[in-house]
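Turn these sequences into a full structure, and let the hints guide you.
2 protein chains.
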Amino acid sequence: MNAPARTLSGADGLKRLSVATPDQPLRLDSGRTLENVEIAYETWGELNADKSNVVIVCHALTGDQFAASPNPVTGRPAWWDLVVGPGLPVDTDRFFVICSNVLGGCMGSTGPASRKPDGTYWGTDFPVITIADMVRAQIALLDRLGIENVFLAIGGSIGGMQVLEWTVQARDRVFAAIPIAVAARQSAQNIGFYETGRQAIMADPNWRNGNYLAEGVRPERGLAVARMAAHITYVSESALKRKFDRRLQDRTTKTFGFDADFQIESYLRHQGQTFVDRFDANSYLYITRAMDYFDIAAEHGGVLGNAFKGLHTRFCVFSFSTDWHYAPEENRQIVRALNAAGCETSYVNIETDKGHDAFFVEEPEFWAGLRGFIDAAAGARGLPKRSAT
Amino acid sequence: MNAPARTLSGADGLKRLSVATPDQPLRLDSGRTLENVEIAYETWGELNADKSNVVIVCHALTGDQFAASPNPVTGRPAWWDLVVGPGLPVDTDRFFVICSNVLGGCMGSTGPASRKPDGTYWGTDFPVITIADMVRAQIALLDRLGIENVFLAIGGSIGGMQVLEWTVQARDRVFAAIPIAVAARQSAQNIGFYETGRQAIMADPNWRNGNYLAEGVRPERGLAVARMAAHITYVSESALKRKFDRRLQDRTTKTFGFDADFQIESYLRHQGQTFVDRFDANSYLYITRAMDYFDIAAEHGGVLGNAFKGLHTRFCVFSFSTDWHYAPEENRQIVRALNAAGCETSYVNIETDKGHDAFFVEEPEFWAGLRGFIDAAAGARGLPKRSAT
Numbered sequence: 002m003n004a005p006a007r008t009l010s011g012a013d014g015l016k017r018l019s020v021a022t023p024d025q026p027l028r029l030d031s032g033r034t035l036e037n038v039e040i041a042y043e044t045w046g047e048l049n050a051d052k053s054n055v056v057i058v059c060h061a062l063t064g065d066q067f068a069a070s071p072n073p074v075t076g077r078p079a080w081w082d083l084v085v086g087p088g089l090p091v092d093t094d095r096f097f098v099i100c101s102n103v104l105g106g107c108m109g110s111t112g113p114a115s116r117k118p119d120g121t122y123w124g125t126d127f128p129v130i131t132i133a134d135m136v137r138a139q140i141a142l143l144d145r146l147g148i149e150n151v152f153l154a155i156g157g158s159i160g161g162m163q164v165l166e167w168t169v170q171a172r173d174r175v176f177a178a179i180p181i182a183v184a185a186r187q188s189a190q191n192i193g194f195y196e197t198g199r200q201a202i203m204a205d206p207n208w209r210n211g212n213y214l215a216e217g218v219r220p221e222r223g224l225a226v227a228r229m230a231a232h233i234t235y236v237s238e239s240a241l242k243r244k245f246d247r248r249l250q251d252r253t254t255k256t257f258g259f260d261a262d263f264q265i266e267s268y269l270r271h272q273g274q275t276f277v278d279r280f281d282a283n284s285y286l287y288i289t290r291a292m293d294y295f296d297i298a299a300e301h302g303g304v305l306g307n308a309f310k311g312l313h314t315r316f317c318v319f320s321f322s323t324d325w326h327y328a329p330e331e332n333r334q335i336v337r338a339l340n341a342a343g344c345e346t347s348y349v350n351i352e353t354d355k356g357h358d359a360f361f362v363e364e365p366e367f368w369a370g371l372r373g374f375i376d377a378a379a380g381a382r383g384l385p386k387r388s389a390t
Numbered sequence: 002m003n004a005p006a007r008t009l010s011g012a013d014g015l016k017r018l019s020v021a022t023p024d025q026p027l028r029l030d031s032g033r034t035l036e037n038v039e040i041a042y043e044t045w046g047e048l049n050a051d052k053s054n055v056v057i058v059c060h061a062l063t064g065d066q067f068a069a070s071p072n073p074v075t076g077r078p079a080w081w082d083l084v085v086g087p088g089l090p091v092d093t094d095r096f097f098v099i100c101s102n103v104l105g106g107c108m109g110s111t112g113p114a115s116r117k118p119d120g121t122y123w124g125t126d127f128p129v130i131t132i133a134d135m136v137r138a139q140i141a142l143l144d145r146l147g148i149e150n151v152f153l154a155i156g157g158s159i160g161g162m163q164v165l166e167w168t169v170q171a172r173d174r175v176f177a178a179i180p181i182a183v184a185a186r187q188s189a190q191n192i193g194f195y196e197t198g199r200q201a202i203m204a205d206p207n208w209r210n211g212n213y214l215a216e217g218v219r220p221e222r223g224l225a226v227a228r229m230a231a232h233i234t235y236v237s238e239s240a241l242k243r244k245f246d247r248r249l250q251d252r253t254t255k256t257f258g259f260d261a262d263f264q265i266e267s268y269l270r271h272q273g274q275t276f277v278d279r280f281d282a283n284s285y286l287y288i289t290r291a292m293d294y295f296d297i298a299a300e301h302g303g304v305l306g307n308a309f310k311g312l313h314t315r316f317c318v319f320s321f322s323t324d325w326h327y328a329p330e331e332n333r334q335i336v337r338a339l340n341a342a343g344c345e346t347s348y349v350n351i352e353t354d355k356g357h358d359a360f361f362v363e364e365p366e367f368w369a370g371l372r373g374f375i376d377a378a379a380g381a382r383g384l385p386k387r388s389a390t
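Chains A and B supply the protein sequences, listed in that same order. For reference, each letter of the first sequence is one residue, going 2 to 390 in our numbering. For reference, each letter of the second sequence is one residue, going 2 to 390 in our numbering.
Be aware that one or more of the hints could be misleading.
Which copy? The list can't say, so a pair holds if one copy fits it or any two copies do.
Taking lysine-lysine pairs in the DSBU-like style, the calculated list, with each CA pair at most 30 Å apart, reads [unchecked claim]: (1) Lys-52 to Lys-310; (2) Lys-255 to Lys-310; (3) Lys-16 to Lys-52; (4) Lys-244 to Lys-255; (5) Lys-16 to Lys-310; (6) Lys-386 to Lys-255; (7) Lys-255 to Lys-117; (8) Lys-52 to Lys-386; (9) Lys-310 to Lys-242; (10) Lys-242 to Lys-255; (11) Lys-244 to Lys-52; (12) Lys-255 to Lys-16; (13) Lys-16 to Lys-117.
To be clear, the hints were calculated from the coordinates, so they are not data collected in a lab.
Here you go:
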């Protein structure tokens, strides 16, 4: 355990902690080390006396640390305030909730948009990182905060990858884990979708071989295309049909041109255009690359169950019936491995037409499942019961 | 019927016929007309005495007229010589097979890469066309060839859209029709995938607002990304896993960089890079736009069955179990409408892991289905039996 943490708060108002220094560098899977690493984070609720009520929320690819309060930089609302808050499944009246921006991200944590010690931007000199490296930085953050044990690690999509990695890496420190809409290994199809996005970014002349920040430009058009290509995979075909089908956008007849005639075109263009205002293109390259490299079994002799052998963590895996980005079957592979490893394991497949992004949006059956598992785990951990509501 | 056709053969060696002139322009769904339209085409087999053995093969988005013989311009092999040829399901020993490059295409037919009467390139001055317009041009081609009736119209994907449109537009002239792996209306999801590709092309500074040919450049990087985004949808998740899974490309360890570490990355990059050598970016915009606009029911009072009412054409619809670009259910909607309209209709769903592109590749059960339906139709039409093989 290190000396008491000193929270750095930059001109941007983001809370940060230094988690690696020249004396204590972060060792990466690539073999490289990072000597100056800051992790930006937010917390909600109060740490209890025996520090047994800590919840780690892990964010998804384009998320940030603002799970339960608005982002002061972008002005966007909290991304998970349907799940994290007073009286909600992740109950900030009882738990001390920490969410940090991933290593390689662009909301205050060290990443390719940060400056090197010499004052220049990292850009593509930043080392390629893995999900395990992200979790290493999160564990270092907890060390700096003086916290040893985690009651619950929870997250969806790449956040779910981090949850799995937390249980594997911080073996005896995680009491309960909720990986949501995830896989234990990135599929060829998903590598393909993200590779398409990376090629779109790298094809943008404003990418400048990754040096765009130094040159005062940004590959906005490429990044917008990357976002469009990915966003389609986050929504189910049936939800696209329900929400948009073939309806026209602000017009009654086709224009016989290349404007956004259809609502689905307008929607995707909007997704792309608004994304570039809040996200760094190089961060997108690095985080998607970390997802590509994610394959827990490969690091445990090719057998996924080996990764979880001997764990006392209790798991509840959630999937969504129409999720084709991380399909139910990919989640069930995790459940089978957990069972093979003898772990205490629940599995819930939520019937919904909302696809992969269902965990962000209104899904009462999902919330009920979270609530049930979390409250039971809290009871087993000796934490207070939920207040009557 | 017009005067006997005069085949134009350009310096490129492609066979072409003029199908619209200032006197007889092509009237388009947009309300615009095209006065000078040439359609490039190929034929195989011999037209019989009563001209009753004509087969129309309709090509897919990135296809061309070289269904059964190599393309002399690109040097690529025939794209359907597993299906069209002597003794094959579409038997060139018995049938006179015609395949033409679609209106808006870039293999000799008039499109955005063609020159206007004033000698400048069409570019994005070319009118936006529909699938119906493509079929109008094909019907005009048959008129010029002195052919009234079609024994069989066959094609997959956007080729299947043309087949459906053939039966609707040339009502009494098509004896049998085989739409393969298609839908009667483009879904929001598919509009989204192609819109992503269009945005990638239009984001490329070398697109020059569509005027790149005049300026001597080509938006190759944007077009390559568009191809990658689309290509993923043509292959099933299970086939990607079987063919590539997470295997590395020409290396034993990850490079921790952005090279194509994985075979799937290398494969998609190759698909993108080779595509730009043979395809015009504006053609890609126009043909995908025609697909977006495809919705037969919308043009028939919102009821698909109305489009087919009273048709004497016999249909056989084929779908592939793992096709998620035009899923079996989308094909079954066509089958239900055909049945509701009282048409003679067969339907075959082929069990395969090969996804949408299964119709291009080895799929013996598919070929057997084609053979059975085509031979029965040929018998009903009084055409000679297949030679014993």
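These are the hints, each one checked on the structure:
Taking the closest pair of Cα atoms, Lys-52 and Lys-310 come within 30 Å of each other only inside a single copy of the chain (26 Å); across copies the shortest separation is 73 Å, beyond that limit. For a Cα distance limit of 30 Å, the shortest separation of Lys-255 from Lys-310 across copies, 26 Å, qualifies, whereas the shortest one inside one copy, 59 Å, does not. With identical chains, the CA atoms of Lys-16 and Lys-52 are at most 30 Å apart within one copy only, with a shortest distance of 21 Å there and 80 Å across copies. For the identical chains of this complex, Lys-244 and Lys-255 are intra-copy neighbours only, at 19 Å inside a copy versus 41 Å across copies, given an alpha-carbon limit of 30 Å.
Proximity of Lys-16 and Lys-310 under a CA criterion of 30 Å is satisfied in neither setting, with 36 Å inside one chain copy and 68 Å between copies. For the identical chains of this complex, Lys-386 and Lys-255 are neighbours neither inside a copy (58 Å) nor across copies (47 Å), given an alpha-carbon limit of 30 Å. With identical chains, the CA atoms of Lys-255 and Lys-117 are at most 30 Å apart between copies only, with a shortest distance of 25 Å across copies and 51 Å within one. In this homomeric assembly, Lys-52 and Lys-386 come within 30 Å of each other (Cα to Cα) only inside a single copy, at 16 Å, whereas the closest approach across copies is 84 Å.
Proximity of Lys-310 and Lys-242 under a CA criterion of 30 Å is satisfied inter-copy only: 27 Å between copies versus 43 Å inside one chain copy. Taking identical chains as interchangeable, the C-alpha atoms of Lys-242 and Lys-255 lie at most 30 Å apart only when both belong to the same chain, with a minimum of 19 Å there against 39 Å between chains. Proximity of Lys-244 to Lys-52 under the C-alpha cut-off of 30 Å is found in neither arrangement, the shortest distances being 45 Å within a copy and 49 Å between copies. Within a single copy, Lys-255 and Lys-16 get their C-alpha atoms no closer than 49 Å, and across copies no closer than 34 Å, so neither meets the 30 Å cut-off.
Only within a single protomer do Lys-16 and Lys-117 lie at most 30 Å apart by alpha-carbon distance; the minimum there is 19 Å, versus 62 Å between protomers.
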